[in-house]
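Enquirer: For reference, the chains in residue letters:
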Amino acid sequence: MTNPALETKGLTKAFGGLMAVDNVSFALAQGELLALIGPNGAGKSTCFNMLMGQLRPTRGSVHLNGADITGLSPRRIWRMGVGRTFQITATYASMTVIENVQMALLSHHGQVFRIFPHAHKMHRDRAMALLEMVGMAAQAERHCAVLAYGDLKRLELAIALAHEPSVLLMDEPTAGMAPRERIALMQLTADIVRDKGVSVLFTEHDMDVVFAHAHRIMVLNRGQLIAEGNVAQVREDPRVQEVYLGGGTVFASEGAAENA
Amino acid sequence: MGLFIAQVLTGLANAGALFMVASGLSLIFGVTRIVNFAHGSFYMLGAYIGYTLMQVLPGAVGFWGAILLAGLAVGVLGVLVEVLVLRPVYRAPELFQLVATFGVILVIQDLALLIWGPEDLLGPRAPGLRGVVRIMGEPIPKYDIALLVITPFVALGLWYLITKTRVGVLVRAATQDREMVGALGVNQAWLFTGVFALGTALAGLGGALQLPKGGADLMMDFNILTAVFVVVVIGGMGSLPGAYLAAVIISVLNVFGVTYLPQSTLVLMFVVMVLVLMIRPYGLFGREEVAGEHGQVGEPERPFKPAGLQVRLLVGAGVATLAAMPLYASTFSQVLATDILIFCLFAASLHFMLGLGGLVSFGHAAFFGGGAYVAALMVTHADSPMELAFILAPIGAGLAALIIGWVCLRLTGVYFAMLTLAFAQLIWSLVFQWGDVTGGDDGLVGIWPAEWLKETTVFFYFALTLSVGGIIALRHVAHSPFGYALRAARDSARQAEATGINTKRVQLLAFGLAGTMAGLAGGLFVFSKGSVFPNELEIARSFDALIVVFLGGVKTLAGGVAGGAFFKGVEDILVRFEYWRLALGLLIIVVVILAPDGIVGSLRKAAERVGLLKRGEDTT
Numbered sequence: 064m065t066n067p068a069l070e071t072k073g074l075t076k077a078f079g080g081l082m083a084v085d086n087v088s089f090a091l092a093q094g095e096l097l098a099l100i101g102p103n104g105a106g107k108s109t110c111f112n113m114l115m116g117q118l119r120p121t122r123g124s125v126h127l128n129g130a131d132i133t134g135l136s137p138r139r140i141w142r143m144g145v146g147r148t149f150q151i152t153a154t155y156a157s158m159t160v161i162e163n164v165q166m167a168l169l170s171h172h173g174q175v176f177r178i179f180p181h182a183h184k185m186h187r188d189r190a191m192a193l194l195e196m197v198g199m200a201a202q203a204e205r206h207c208a209v210l211a212y213g214d215l216k217r218l219e220l221a222i223a224l225a226h227e228p229s230v231l232l233m234d235e236p237t238a239g240m241a242p243r244e245r246i247a248l249m250q251l252t253a254d255i256v257r258d259k260g261v262s263v264l265f266t267e268h269d270m271d272v273v274f275a276h277a278h279r280i281m282v283l284n285r286g287q288l289i290a291e292g293n294v295a296q297v298r299e300d301p302r303v304q305e306v307y308l309g310g311g312t313v314f315a316s317e318g319a320a321e322n323a
Numbered sequence: 062m063g064l065f066i067a068q069v070l071t072g073l074a075n076a077g078a079l080f081m082v083a084s085g086l087s088l089i090f091g092v093t094r095i096v097n098f099a100h101g102s103f104y105m106l107g108a109y110i111g112y113t114l115m116q117v118l119p120g121a122v123g124f125w126g127a128i129l130l131a132g133l134a135v136g137v138l139g140v141l142v143e144v145l146v147l148r149p150v151y152r153a154p155e156l157f158q159l160v161a162t163f164g165v166i167l168v169i170q171d172l173a174l175l176i177w178g179p180e181d182l183l184g185p186r187a188p189g190l191r192g193v194v195r196i197m198g199e200p201i202p203k204y205d206i207a208l209l210v211i212t213p214f215v216a217l218g219l220w221y222l223i224t225k226t227r228v229g230v231l232v233r234a235a236t237q238d239r240e241m242v243g244a245l246g247v248n249q250a251w252l253f254t255g256v257f258a259l260g261t262a263l264a265g266l267g268g269a270l271q272l273p274k275g276g277a278d279l280m281m282d283f284n285i286l287t288a289v290f291v292v293v294v295i296g297g298m299g300s301l302p303g304a305y306l307a308a309v310i311i312s313v314l315n316v317f318g319v320t321y322l323p324q325s326t327l328v329l330m331f332v333v334m335v336l337v338l339m340i341r342p343y344g345l346f347g348r349e350e351v352a353g354e355h356g357q358v359g360e361p362e363r364p365f366k367p368a369g370l371q372v373r374l375l376v377g378a379g380v381a382t383l384a385a386m387p388l389y390a391s392t393f394s395q396v397l398a399t400d401i402l403i404f405c406l407f408a409a410s411l412h413f414m415l416g417l418g419g420l421v422s423f424g425h426a427a428f429f430g431g432g433a434y435v436a437a438l439m440v441t442h443a444d445s446p447m448e449l450a451f452i453l454a455p456i457g458a459g460l461a462a463l464i465i466g467w468v469c470l471r472l473t474g475v476y477f478a479m480l481t482l483a484f485a486q487l488i489w490s491l492v493f494q495w496g497d498v499t500g501g502d503d504g505l506v507g508i509w510p511a512e513w514l515k516e517t518t519v520f521f522y523f524a525l526t527l528s529v530g531g532i533i534a535l536r537h538v539a540h541s542p543f544g545y546a547l548r549a550a551r552d553s554a555r556q557a558e559a560t561g562i563n564t565k566r567v568q569l570l571a572f573g574l575a576g577t578m579a580g581l582a583g584g585l586f587v588f589s590k591g592s593v594f595p596n597e598l599e600i601a602r603s604f605d606a607l608i609v610v611f612l613g614g615v616k617t618l619a620g621g622v623a624g625g626a627f628f629k630g631v632e633d634i635l636v637r638f639e640y641w642r643l644a645l646g647l648l649i650i651v652v653v654i655l656a657p658d659g660i661v662g663s664l665r666k667a668a669e670r671v672g673l674l675k676r677g678e679d680t681t
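Protein sequence lines correspond, in order, to chains A and B.
First residue of the first sequence: 64, per my numbering; consecutive thereafter.
First residue of the second sequence: 62, per my numbering; consecutive thereafter.
Don't read these hints as lab results, they were simulated from the structure.
Incorrect hints may appear among the rest.
What the hints assert, rightly or not - Cut-off 20 Å, straight-line C-alpha distance, at most; resulting in silico cross-link-like pairs (SDA-like, lysine to any residue): (1) B:K565 to A:L118; (2) B:K565 to A:Q304; (3) B:K565 to A:Q117.
What the hints assert, rightly or not - Here are some chain A residues the structure puts well away from chain B; computed CB gaps all over 10 Å: (4) G104; (5) Q174; (6) G260; (7) H276; (8) D300.
If you're wondering where the values come from, they're calculated on a predicted model, not measured in any experiment.
Each residue gets a CB set at the ideal place from its N, CA and C atoms; glycine is no exception.
Chain A on its own, in the form it takes in the complex:
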């Protein structure tokens, strides 16, 4: 039996008395596109930050392909083959698009502390191929600071894929994008999952995006996992409806009426 790509057991983060993430256990299968949804403040980003090492869990463990990565630094986790994109894009504003990708490639090849070669000549072809993959090749020489937001998101994806990660974590990959861009970006992600065998965990608020692309969905509310399953299962789950639609009595009574 192969290990799950990423697995958490009893993952917990407490901020003082607040349980931001409370005893969350899940497994991301190899080659799976798994969505983590939930209302604002449910603990999605906290969860992500623990997976990626930005936050140290209060309790619980994180395993990557069977290896314990709990509490390792973001740098170590990245080196073990996890890529991530941020909810608010983080790119190098003073560089060109291609240089942003080259920087990640330089780091991947352990060349950050070299002072003799000219950086802008290094790994250009590979960087260009990555930009090609996310549809940014035409803008390779543009100044990163002038890009549209959707293009920044795509650039971030190229950066995250630079070290050929086995697991990709995407925190609200389509936030702030126009509807057509959203669909295009998630289609791109789904293609990458298929072609490269990358396992992806992503959070998302746009249910159209989630329902269209996710293989499986987990629902987080107030730090706890309240449901998981395929699209149809999650859609029908009364607890999920309650979280997303308030009281949920209408649905419940309608359901009762249908059953009667």
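The hints should help you fit chain B onto chain A, whose structure is shown.
Expert: Only chain B this time, still in chain A's reference frame:
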């Protein structure tokens, strides 16, 4: 016991003026984010103006009236400076304004010299408070008691103003989020002016109040500036109670220091500061600065590529022209050119960490002067040959930079800058007060180059090779993977860390490299002059480098060198005149207002406008 209490009381009395100046600086920084280097100058003006008014106004009413009026007058001058000098540059890149405030320091220095003359003025004693009171047998000046009583009232008044009034609400709101306050319809420009007026008036008041104790002299501005920075940083930026507590700690400590450890009074202050910041990085009452997601203010830096053939030819021609100097220029010009070259290397080293790394150091002179002192100490005490001493200069400075950088990089932003300043001052005060080894104020003399370098022309070539070589090396590193990583750490530490880059290590090594290059410049300097004095380590020297980098253009690669050449060249011409500070200060202010992108940045923009250069994409 009596002596102990007397000393505590003296310390508390001394804390008064320090607190007023520090709280003013703290308020101004909190609201406008301007590190007002000229704050000490307003304090000095308060003393001078108070002195003049006391000559005119009679009696006790006149004395106290003069103090209040001096505060008011300085506040008015503060408004003048804010409106004329700072307003035009609020939109300029981060920290650019501090260059303008440095121009103000120079102008005020010469104006004070012009009006009040070079003699130290002895402050008049307060009418009715001339004698001493005996407490447990120890004499305490009555005026100290008066100060002891007055300071808490000023502090309470300020506290009331800030916490209980509408103005105070605005000030506190602006300290937290300027943009939001602006969006809510508050006239930011006048809020800034008002706060600047209040802050400078407090400084003026402090200056006038301490007249009976310390009088007025032209060194007051820098002397109080370092103490005030220390107080504000220990107390926590923007915290009034913190400023008061820190002022008391520093003042009391000073009084005891003078009694028990007279050789280390200066060192003591900075040791305390370093200790406090190691334990509480944001000061006793300060809160962590939440760095913006995009650290830079204003237009982001443009991407750059290694120089093309044209630029290389141009630079080559420039260097060749310089190298041919002995053919057409006098020995004096060669000495001047040597000075400028050394200074350019010094500026380029600061530009490397400041421009590429976003690491604003207020204490870079520590490594320039440090390198010079390493070499001078080797020659003086170990009788080492010049070559060995010279090689040890950059190595020593680089090691010092690694150690100091390791401590300072625990902090960011303005706290990082202040900590570098504290370390620089620590080294300065060590050198200044440890006379047996360093010669103290008399410096170290007779540090001449080896026989083969004695000739002015030969030394010129030596300096030319090493300075240009150092500058080119720094530029090369800027284009290397390491240089890219340094920019990446500045642009988005979050992304850099998430893609495996150890940003702190990158920054530490950059700090070390900058220190090494500054040390190399220092080594060249000491052997070109034959001597070194503590002023090569002092705060003004650090500011020189900062100004040059900002004037040249932080966001351009050539900024440091261009600014260095321009500034040093102009300075060398101006110092021949009596009131050169006034002229230089005005020049700095004019450049700051007319060329907010620095000399190189503004030239580039002008060239783009007339079509000489290809336009960058508009980022606004």
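Enquirer: Now tell me, hint by hint, if it's right for this structure.
Expert: Status of each hint after checking the structure:
1. With a C-alpha separation of about 18 Å, the suggested pairing of K565 of chain B with L118 of chain A holds against the 20 Å cut-off.
2. Taking the CA atoms of K565 of chain B and Q304 of chain A, the gap is about 46 Å. The hint is violated against a cut of 20 Å.
3. Proposed proximity of K565 of chain B and Q117 of chain A is supported: the alpha carbons are some 15 Å apart, at most 20 Å.
4. With a minimum CB-CB distance of about 20 Å to chain B, G104 of chain A clears the 10 Å threshold, and the non-interface call stands.
5. Its closest Cβ contact with chain B, about 5 Å, brings Q174 of chain A to no more than 10 Å, contrary to its assignment away from the interface.
6. A cut-off of 10 Å between C-beta atoms confirms that G260 of chain A is not in contact with chain B; the least separation is 21 Å.
7. The claim that H276 of chain A lies off the interface holds: its Cβ sits roughly 24 Å from the closest Cβ of chain B, which is beyond the 10 Å cut-off.
8. Every beta carbon of chain B lies more than 10 Å from that of D300 of chain A, the smallest distance being close to 33 Å; the non-interface claim holds.
In this structure, the hints that do not hold are numbers 2 and 5, in rising order.
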